[in-house]
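Residue numbers (the numbering used here), protein chains in the order written: chain X, 1 to 276; chain U, 1 to 270.
A couple of the hints might just be wrong.
Stated by the list, open to error - Heads up, simulated DSS-like pairs for lysine-lysine below, C-alpha to C-alpha not over 27 Å straight-line:
1) X/Lys141 <-> X/Lys179
2) X/Lys141 <-> U/Lys139
3) X/Lys14 <-> U/Lys173
To be clear, the hints were calculated from the coordinates, so they are not data collected in a lab.
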Amino acid sequence: MLVIKNLTKQYGAKDVALKDVSVTIGPGEIVGLIGPSGAGKSTLIRCINRLVEPTAGHILLDDVDLASLSSGALRRQRRRIGMIFQEYALIERLTVMENVLSGQLGYVPFWRSYLRKFPADTVRNAFALLDRVGLLSHADKRADALSGGQRQRVGIARALAQEPDLLLVDEPTASLDPKTSRQIMRLITEISVERGLPAIINIHDVPLAKQFMRRIVGLRTGEVVFDGKPEDLDNDVLTTIYGTEDWTAMRESHEQDKTSEAEQAHAMQQIGVSAI
Amino acid sequence: MSPTSQAYPSAWKRPPQIFTDPLWRRVIFSGMVLYLLLAIGSVEVNWARVWEGLERGQQFVMGFLTPDFTSRWRDISIGLVESLTMTLTATVVGIIISVPIGIGAAKNMAPTWVYLICRAIISVSRSLQEIIIAIFFVKMFGFGPFAGFLTLSFATIGFLSKLLAEDIEDIDKSQVEAIRATGASWLQILVYGVSPQVMPRLVGLSLYRLDINFRESSVIGIVGAGGIGATLNTAIDRYEYDSAGAILLIIIAIVLVVEYSSSLIRRRLQ
Numbered sequence: 001m002l003v004i005k006n007l008t009k010q011y012g013a014k015d016v017a018l019k020d021v022s023v024t025i026g027p028g029e030i031v032g033l034i035g036p037s038g039a040g041k042s043t044l045i046r047c048i049n050r051l052v053e054p055t056a057g058h059i060l061l062d063d064v065d066l067a068s069l070s071s072g073a074l075r076r077q078r079r080r081i082g083m084i085f086q087e088y089a090l091i092e093r094l095t096v097m098e099n100v101l102s103g104q105l106g107y108v109p110f111w112r113s114y115l116r117k118f119p120a121d122t123v124r125n126a127f128a129l130l131d132r133v134g135l136l137s138h139a140d141k142r143a144d145a146l147s148g149g150q151r152q153r154v155g156i157a158r159a160l161a162q163e164p165d166l167l168l169v170d171e172p173t174a175s176l177d178p179k180t181s182r183q184i185m186r187l188i189t190e191i192s193v194e195r196g197l198p199a200i201i202n203i204h205d206v207p208l209a210k211q212f213m214r215r216i217v218g219l220r221t222g223e224v225v226f227d228g229k230p231e232d233l234d235n236d237v238l239t240t241i242y243g244t245e246d247w248t249a250m251r252e253s254h255e256q257d258k259t260s261e262a263e264q265a266h267a268m269q270q271i272g273v274s275a276i
Numbered sequence: 001m002s003p004t005s006q007a008y009p010s011a012w013k014r015p016p017q018i019f020t021d022p023l024w025r026r027v028i029f030s031g032m033v034l035y036l037l038l039a040i041g042s043v044e045v046n047w048a049r050v051w052e053g054l055e056r057g058q059q060f061v062m063g064f065l066t067p068d069f070t071s072r073w074r075d076i077s078i079g080l081v082e083s084l085t086m087t088l089t090a091t092v093v094g095i096i097i098s099v100p101i102g103i104g105a106a107k108n109m110a111p112t113w114v115y116l117i118c119r120a121i122i123s124v125s126r127s128l129q130e131i132i133i134a135i136f137f138v139k140m141f142g143f144g145p146f147a148g149f150l151t152l153s154f155a156t157i158g159f160l161s162k163l164l165a166e167d168i169e170d171i172d173k174s175q176v177e178a179i180r181a182t183g184a185s186w187l188q189i190l191v192y193g194v195s196p197q198v199m200p201r202l203v204g205l206s207l208y209r210l211d212i213n214f215r216e217s218s219v220i221g222i223v224g225a226g227g228i229g230a231t232l233n234t235a236i237d238r239y240e241y242d243s244a245g246a247i248l249l250i251i252i253a254i255v256l257v258v259e260y261s262s263s264l265i266r267r268r269l270q
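Construct all of the structure, not just a fragment, from the sequences and the given hints.
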């Protein structure tokens with residue numbers, strides 16, 4: 001269980017990224033975090049594992065206050081928090097297997113990680129995770145040889161290799177096409193449910209958030225302006241989160257996508273090709 | 001409206017960019033021309049000596065065209081082995097010392113005080129030219145390849161550490177962030193997050209430095225730091241231009257081989 005209490009992050013004197021944010025995430029709960037760019041979604045997620053130092057407030061992960069840990073204790077706590085990144089953030093020149101095993105770095109002594117001599121259980125688990133994300137046959141490939149969707153699957157396997165108690169997911173589909181985006185979102189939510197793993201997922205794509213999330217938190221200029229079910233996320237609320245212009249633009253482009261997809265399907269039918 | 005209704009100028013001159021004031025422009029330019037004339041006037045040329053020099057140059061070209069590999073072969077081969085040993089050992093030792101200094105001199109990996117110390121070491125190493133360092137080391141440890149070895153190691157540090165540090169500062173931050181997020185230690189971040197990103201370039205730079213060190217080893221020999229340069233210097237002192245020509249040809253051949261093979265390896269690494 002994760003309790004964020006009065007979290008504030010300030011860059012410099014005037015630039016307030018997070019203002020007094022309080023959110024509680026129950027055991028096994030999956031929360032989608034939406035908001036325009038610059039609203040503080042990334043900052044909020046990064047404050048939890050302290051890739052960004054919070055200015056004030058508390059972050060309690062099962063009663064450990066992450067916000068006040070010294071560097072050694074912080075490293076031990078970071079092992080419990082898996083993170084999945086926007087541009088995958090894989091080590092491009094290392095193999096898929098090394099990338100997955102790097103999730104265990106916090107648990108093994110330096111010489112083991114340097115020589116790639118990970119314990120047998122760890123290696124077995126890494127293979128099992130690669131199998132789970134459907135990349136078992138790609139273990140020896142270099143990460144930069146994979147497609148975007150495959151890379152993000154490696155990113156997921158790496159986060160899970162940490163045996164985490166919490167999953168932080170930062171815009172997992174930002175650089176993927178719509179179909180792959182849905183596959184990745186499905187995989188992340190499925191795995192979270194399988195393992196009873198609580199997760200916070202930043203999504204800029206509102207329809208995608210509505211499709212996959214049971215709870216959504218809306219952030220605007222560093223403040224929580226919505227916290228509820230996707231059904232309650234109506235036009236008024238979305239206008240508060242995104243502002244009139246942006247939300248209208250987003251909705252229109254989404255509807256255009258839909259119409260063009262429909263048109264394409266129609267055209268396909270006419271020339272006798274069934275939709276894929 | 002017809003185009004002739006307004007009189008547009010038909011001439012255009014690019015406006016002055018640096019010295020916009022016409023008076024100052026004249027003063028500065030005429031001052032520069034005057035200084036140049038005076039400076040040229042102050043160079044004393046002894047035309048008789050120039051004539052003699054041309055004759056010697058001709059002798060040198062003749063010697064170069066008829067290189068003599070055999071009569072001084074023993075000296076040449078000893079010098080060559082010395083130079084190659086010096087180059088290789090100095091490059092290896094230089095790399096071993098450069099890597100930690102390069103990491104320390106990367107702002108994103110080291111605390112400020114380490115950063116400043118490492119940057120200072122690099123500045124000192126880079127500000128002194130190889131020949132000057134060689135003269136110091138020859139005075140300290142006497143003639144011979146040991147002084148050359150120290151010189152080249154020292155010069156390698158400035159070169160490699162600086163370029164490595166800059167490369168580390170340019171790496172993709174998100175990969176480091178991802179490794180940090182797993183709870184990895186500083187050393188593990190270095191091995192997993194940083195080293196894979198800079199390794200190909202580090203190998204390339206090391207090979208390039210090997211190449212530079214060989215060329216430098218023949219130069220610093222002239223001030224007494226051993227190697228083929230010392231042999232070359234002796235040959236010239238003895239007016240044995242045919243042996244000197246042979247040495248130069250050997251140096252050129254080795255530089256070509258080292259350069260070609262190092263660029264071949266570097267290309268395969270990319």
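Next on the checklist: Checking each numbered hint in turn, tell me which of them this model violates, lowest number first.
Outcome noted: Structure breaks hint 2 only.
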